[in-house]
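Asker: The listed protein sequences correspond, in order, to chains D and L.
Its first residue numbered 1, the first sequence is counted upward by one per residue in my numbering.
Its first residue numbered 1001, the second sequence is counted upward by one per residue in my numbering.
Please keep in mind that the hints were generated in silico from the structure rather than gathered at the bench.
Keep in mind the model is a prediction, meaning the values are calculated, not measured.
Heads up, none of these hints are tricks.
With a Cα cut of at most 25 Å, we get these calculated DSS-like pairs of lysine-lysine:
#1 L:LYS1074 / D:LYS293
#2 D:LYS74 / L:LYS1293
#3 D:LYS293 / D:LYS229
#4 L:LYS1293 / L:LYS1229
2 protein chains.
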Amino acid sequence: MALRFEVLATQGESRLGRLTTTHGVVETPAFMPVGTLGAVKGVSPQELGAAGASVMLSNLYHLALRPGIDVIEKLGGIHAFTGWSGPILTDSGGFQVFSLGALRKVDEGGVTFRSHLDGSPLRFTPENVVEMQERLGVDIAMVLDECPPWPVEPGTAEASWLRTLAWARRARAARREGAGAGGAGGMGGLFGIVQGSIFRGLRERAALDIAELDFDGCAIGGVSVGEPKDERRAVVEWTAPLLPAGKPRYLMGVGTPEDIAHAVRCGVDLFDCVLPARNARHGVLYTREGVLKIKNARFRDDPRPLDEACGCPACARTSRAFLHHLVRAGELTGAVLATLHNLRFYLDFMAELRQSIRLGTLADALTFDPLEQRSS
Amino acid sequence: MALRFEVLATQGESRLGRLTTTHGVVETPAFMPVGTLGAVKGVSPQELGAAGASVMLSNLYHLALRPGIDVIEKLGGIHAFTGWSGPILTDSGGFQVFSLGALRKVDEGGVTFRSHLDGSPLRFTPENVVEMQERLGVDIAMVLDECPPWPVEPGTAEASWLRTLAWARRARAARREGAGAGGAGGMGGLFGIVQGSIFRGLRERAALDIAELDFDGCAIGGVSVGEPKDERRAVVEWTAPLLPAGKPRYLMGVGTPEDIAHAVRCGVDLFDCVLPARNARHGVLYTREGVLKIKNARFRDDPRPLDEACGCPACARTSRAFLHHLVRAGELTGAVLATLHNLRFYLDFMAELRQSIRLGTLADALTFDPLEQRSS
Chain D
1 MALRFEVLAT
11 QGESRLGRLT
21 TTHGVVETPA
31 FMPVGTLGAV
41 KGVSPQELGA
51 AGASVMLSNL
61 YHLALRPGID
71 VIEKLGGIHA
81 FTGWSGPILT
91 DSGGFQVFSL
101 GALRKVDEGG
111 VTFRSHLDGS
121 PLRFTPENVV
131 EMQERLGVDI
141 AMVLDECPPW
151 PVEPGTAEAS
161 WLRTLAWARR
171 ARAARREGAG
181 AGGAGGMGGL
191 FGIVQGSIFR
201 GLRERAALDI
211 AELDFDGCAI
221 GGVSVGEPKD
231 ERRAVVEWTA
241 PLLPAGKPRY
251 LMGVGTPEDI
261 AHAVRCGVDL
271 FDCVLPARNA
281 RHGVLYTREG
291 VLKIKNARFR
301 DDPRPLDEAC
311 GCPACARTSR
321 AFLHHLVRAG
331 ELTGAVLATL
341 HNLRFYLDFM
351 AELRQSIRLG
361 TLADALTFDP
371 LEQRSS
Chain L
1001 MALRFEVLAT
1011 QGESRLGRLT
1021 TTHGVVETPA
1031 FMPVGTLGAV
1041 KGVSPQELGA
1051 AGASVMLSNL
1061 YHLALRPGID
1071 VIEKLGGIHA
1081 FTGWSGPILT
1091 DSGGFQVFSL
1101 GALRKVDEGG
1111 VTFRSHLDGS
1121 PLRFTPENVV
1131 EMQERLGVDI
1141 AMVLDECPPW
1151 PVEPGTAEAS
1161 WLRTLAWARR
1171 ARAARREGAG
1181 AGGAGGMGGL
1191 FGIVQGSIFR
1201 GLRERAALDI
1211 AELDFDGCAI
1221 GGVSVGEPKD
1231 ERRAVVEWTA
1241 PLLPAGKPRY
1251 LMGVGTPEDI
1261 AHAVRCGVDL
1271 FDCVLPARNA
1281 RHGVLYTREG
1291 VLKIKNARFR
1301 DDPRPLDEAC
1311 GCPACARTSR
1321 AFLHHLVRAG
1331 ELTGAVLATL
1341 HNLRFYLDFM
1351 AELRQSIRLG
1361 TLADALTFDP
1371 LEQRSS
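Kindly generate the complete structure, drawing on both the sequences and the hints.
Answerer: Next up, the structure:
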């Protein structure tokens, strides 16, 4: 079996899990750093591992545009290409394609669009999206889905869901049997995606639809597209409990530590978000005492590490004052050290959540909550 | 003694040396990666050490503008501030100040200029430049010098040298006795700088002038300012042999591996250059088989590491194809991996030069020569 998931412990809806792939084991709840083009911005594969990452996320849409699936396949697959030897999940790129607006056209068979790079025409279908991810040799592939914008009319959301469900069935059927090696030319597992915008009835129905299709895991998509926090949380609360208990659940594109902690309490196992890396590049740094806006003048001569309890390369050797200096000066090393720090923070945070579920003390563990309100 | 230099072996004019500072030992000939603002662009202190660097170069002018000497002194000095615990040499910033053109005014007492950042007025004198470097706690400080442009009239170059010599005497006198701790508030050693543009008589006289002043080491400045390669090499050939044999010799701002190898044959011990890092960011990568312009289409599906013999993070895990992909896409990780590679190449190259002097096989060692002609 190419992908195995075991629930080792629970506390309420929260689960401590172990996801076994041919490229290694992922302890869940887990955060997947985002390497859209095959690398987390500013981070080498070695540093990604050193930060504590066990799985990396990449993106089929972006890799298909450049360098192209042929190139990566020829080079031995996505692991050989990126130098990241651990598990890799690729998003299908549905979200990116549907963000193209006028550049794309949807029909029942799939979506036709133009590259945002050079305008060349491309077509994604439920079948070729599975096939391309198999050729990349990813550990976890995602089906092609339609991600409705927010806000959207209920009728539009429902029609969109019916198409996404039809696509999910075709993707499931397209999956090559025996293609589960998880190496080049093989694939570990295929996840379905629940959509339905912020409509409870539609989300619940979609969750049951996807649960029925016997995917290797189920994702909640269509969140973090601009909706208010309460709506986003409600979607997670409605959807997660309806997904199969024995399979991993993945909340796509979420989020803040607070949002992640909430979703873990709802039984979600996997997360990805550009937030820690993007915030790092803008000097917004996570610490156990709250968020630091490191460009703030009060850090100019602050000799303390960003976070006393952090073991990242920035905290091990340098100070808030040094990061303040580098980030304000626009120095590349500022972005690099800040990114390494924020990733480490997120990955440490996930480890703390796992330990709390193990000990049955999850509520007590949220020492960062409410992090969003305590920035400085 | 705050700075000790021993010549361990020679081959012709080439010297294998050991420079001992309070922050560690530098085996020479050595290359000093350039961390203008306290960090090599894109590189953490940990990665700098892992690449094999034993000494880092920084810049008084830039650090005085931001974050300011007061801030660094308050934070415990330049080593505590940057997180680089090995030896640090700071250039005085004469080169930068004289590049400001209309923004600066020279008089006998020093140079008055406006910050290139915010236009605020500043004044560097031979005395305060020594004092500021003492306050930073650098291991090697450089005197304030005037760096004439190229080309320049002989008479102008001579007048400039007379002023620089007077400044060198004042800098020597200004050095606090007992300030040699090489920690915050102390300084390891002070180097004089030979100028004289491309005029042989003036360079020779300047070398003897500086040799007389009993600095802890002597630098050859005023090269790599636009002059042809042959002129640059001639300056090194005239000057280096006239500098004290028992003290380290530093060729400022040079250069290509070929230029460095030439200068080592003339008896130079220390080098710095932005070239490996700047070239890396533009996708120009050094290898033992010549220079690779990694954006070139022929690397699109090249599975080989940049250099089979290299142990840098890029070569250990990834391919030319991956670097091609990242650099073309403008991904931050492309700049980071390329920089780590080029630095490692330069530092390995210096180690090879040292080993060759040790074995008396220097001429045979220049396997990269003529590197400049073999780019692809």
